[in-house]
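From just these sequences and the hints, can you work out the full model?
So you can see what is in the structure, the chains are spelled out below.
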Amino acid sequence: MLMAKVVGSVVSTQKDLSLVGKKLMIIQPINAEKQEIRFQQVAADTVGAGVGDYVLLTSGSAARHLFKGPSEAVDYAIVGIIDTFDK
Amino acid sequence: MLMAKVVGSVVSTQKDLSLVGKKLMIIQPINAEKQEIRFQQVAADTVGAGVGDYVLLTSGSAARHLFKGPSEAVDYAIVGIIDTFDK
Amino acid sequence: MLMAKVVGSVVSTQKDLSLVGKKLMIIQPINAEKQEIRFQQVAADTVGAGVGDYVLLTSGSAARHLFKGPSEAVDYAIVGIIDTFDK
Amino acid sequence: MLMAKVVGSVVSTQKDLSLVGKKLMIIQPINAEKQEIRFQQVAADTVGAGVGDYVLLTSGSAARHLFKGPSEAVDYAIVGIIDTFDK
Amino acid sequence: MLMAKVVGSVVSTQKDLSLVGKKLMIIQPINAEKQEIRFQQVAADTVGAGVGDYVLLTSGSAARHLFKGPSEAVDYAIVGIIDTFDK
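Residue numbers (our numbering), protein chains in the order written: chain A, 1 to 87; chain B, 1 to 87; chain C, 1 to 87; chain D, 1 to 87; chain E, 1 to 87.
Among the hints, erroneous ones may be present.
[To be verified] As a list, the in silico DSSO-like pairs of lysine-lysine whose alpha-carbon atoms are at most 27 Å apart:
1. B:K5 with C:K22
2. E:K34 with E:K23
3. D:K5 with E:K22
4. B:K23 with B:K5
5. C:K34 with C:K23
6. A:K22 with B:K87
7. D:K68 with D:K23
8. E:K34 with C:K68
9. C:K34 with B:K23
10. A:K68 with A:K87
11. A:K34 with D:K22
12. B:K34 with B:K87
13. A:K34 with A:K23
14. B:K23 with C:K5
Calculated from the structure, these hints are not laboratory results.
Model, not experiment: these values are computed from the prediction.
Here's what the structure looks like:
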């Protein structure tokens, strides 16, 4: 799972039905020093995360299977809010 | 999901049967500042996106399962048109 | 799907049974300007592509499911020949 | 599988149910010279690894299937402790 | 599939049961000019490859399905030895 910071959200009216009602957050991956790595993506929130939170992201079929529809369009999901980084 | 801008399309006559009838758009991934990231790919459109639109992309088995054939060749699909980036 | 140019092929005698009889082409991913991106890989051809052709590549389970064996080793496949890039 | 060094852990109270009870370790991928490569991620431990250990990581559906729940959020798992690198 | 050179192996005593008895080789991905690309990983050998061999690698679920256990930890496998690169 990537560590990331929630930096915003997107609004999309015209979208796949499976995305209706999902919170689509813009996330910036980070390392344990909270430095930015890689590139921003959009992840479906499953844990009530908000802008500024540090979160755990899962990807691929692990993200897709968190939802119950037959053809979920999600390939990135927020699955935890990070309280502390222990190093 | 990656954020991206639709920058064109490709024409392919000789292709896998599962691609026949699909709109194959060239997309340039971007961050929330609309700066280019990563590299261009081709994605199958599912939401009526056109050149110049900002879109959401899904990848891998999430993209494949959006279509109903037994062996869909798609590994990238456009699943939403982004109206606004809230940061 | 990645855009790519076919730049060669590999010969392999000792290989997984699922690869026997498949054309294994060396491909160089490109962007819509035909500039090289990323890195070369080997993809199984499904559309009769030859060296010099511009092609579409699919990856992961989408590539694997194009073939019918129970344990196909393919994770990259050529699924279309690009006639034109419209930008 | 990536080679990596375990460099810490994260604490997360608010998280997907499938992550409850799993040890979530921060890992830094390395090459065989133990030089850092790529970027840090969080992996679920399955072999009793601790901070400072060199480990093997698996990703994607291979990591997810190591656990038995219907919708496991894990996409990275520690699956071995490396005793020696033979080069 | 990535092209790669086998550069070593790892020894791991404490590991997932599915890895017991598998040869775990350190591989360095290369391009068709045999120049190093990307980063080293560990792949399970399925074709009798040894150090110094040039090989084909498959990844993800294609690698996992080469083995028959219900929860195989492998996400990278050597599936061919390259005899010649034709460019």
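Now for the hints, and whether the structure bears them out:
no. : hint             : in the structure
1   : B:K5 with C:K22  : 35 Å, violated
2   : E:K34 with E:K23 : 23 Å, holds
3   : D:K5 with E:K22  : 22 Å, holds
4   : B:K23 with B:K5  : 15 Å, holds
5   : C:K34 with C:K23 : 23 Å, holds
6   : A:K22 with B:K87 : 18 Å, holds
7   : D:K68 with D:K23 : 16 Å, holds
8   : E:K34 with C:K68 : 32 Å, violated
9   : C:K34 with B:K23 : 20 Å, holds
10  : A:K68 with A:K87 : 36 Å, violated
11  : A:K34 with D:K22 : 23 Å, holds
12  : B:K34 with B:K87 : 12 Å, holds
13  : A:K34 with A:K23 : 23 Å, holds
14  : B:K23 with C:K5  : 21 Å, holds
Checked against the numbered hints given earlier, the structure breaks hints 1, 8 and 10 and satisfies all the rest.
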